[in-house]
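Colleague: For the sequence shown, the numbering used here puts the final residue at 548, and the numbers step up evenly by one.
Bear in mind the hints are in silico, worked out from the structure with no lab data behind them. Every residue, glycine too, gets a C-beta built ideally from N, C-alpha and C. You can trust all of the hints, since none of them are fake.
Beta-carbon label-pair distances, calculated as ranges: (1) Ala475 / Gly520: 18 to 24 angstroms; (2) Asp507 / Met527: 17 to 23 angstroms; (3) Gln534 / Met464: 35 to 41 angstroms; (4) Ser491 / Leu542: 23 to 29 angstroms; (5) Ser468 / Asp511: 36 to 42 angstroms; (6) Gln471 / Asp511: 31 to 37 angstroms; (7) Ile500 / Leu467: 40 to 46 angstroms; (8) Gln490 / Arg543: 19 to 25 angstroms; (9) Leu476 / Gln534: 33 to 39 angstroms.
Heads up, simulated SDA-like pairs for lysine to any residue below, C-alpha to C-alpha not over 20 angstroms straight-line: (10) Lys470 / Ala480; (11) Lys488 / Ser504; (12) Lys488 / Ser506; (13) Lys488 / Met527; (14) Lys485 / Asp515; (15) Lys488 / Phe532; (16) Lys488 / Met498; (17) Lys544 / Ile499; (18) Lys544 / Ile508; (19) Lys488 / Ile499; (20) Lys488 / Asp515; (21) Lys544 / Gln534; (22) Lys488 / Gly519; (23) Lys488 / Gly520; (24) Lys544 / Ser506; (25) Lys544 / Ala503; (26) Lys485 / Gln473; (27) Lys485 / Ala475; (28) Lys485 / Gly522; (29) Lys485 / His496; (30) Lys485 / Gly526; (31) Lys544 / Met498; (32) Lys466 / Leu479; (33) Lys488 / Thr528; (34) Lys544 / Asp507; (35) Lys488 / Ile514; (36) Lys488 / Thr477; (37) Lys544 / Asp509; (38) Lys485 / Gly520; (39) Lys466 / Ser478; (40) Lys470 / Ala481.
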Amino acid sequence: MGKLSNKQLQRALTSLAAANTKAFKYQSMIDEHCMIIYGASPSDIDNDCFIDLVGGGNGACPGMTSEEFNQSMRECLTLRKGGRG
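Whenever a hint applies, use it, and build me the whole structure from the sequences.
Modeller: Printed below as a string of structure tokens:
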């Protein structure tokens, strides 16, 4: 992208702050849901699938379905209980 004008920089800073505020809200909702359902948040069990596909671990986020998310949580918990995670 290169050098930004002051106006472009301000727009980028404002947009980034707004996006992170929104992301924090939704991450908190997901974490609370997971604590109720699974007893752990995705970060507690190092759910790499979620981190990569939704959490921005690889930059752009392609997303995942709720079914894929639930499966990834179950798989991580199974690995964790088995002592391999």
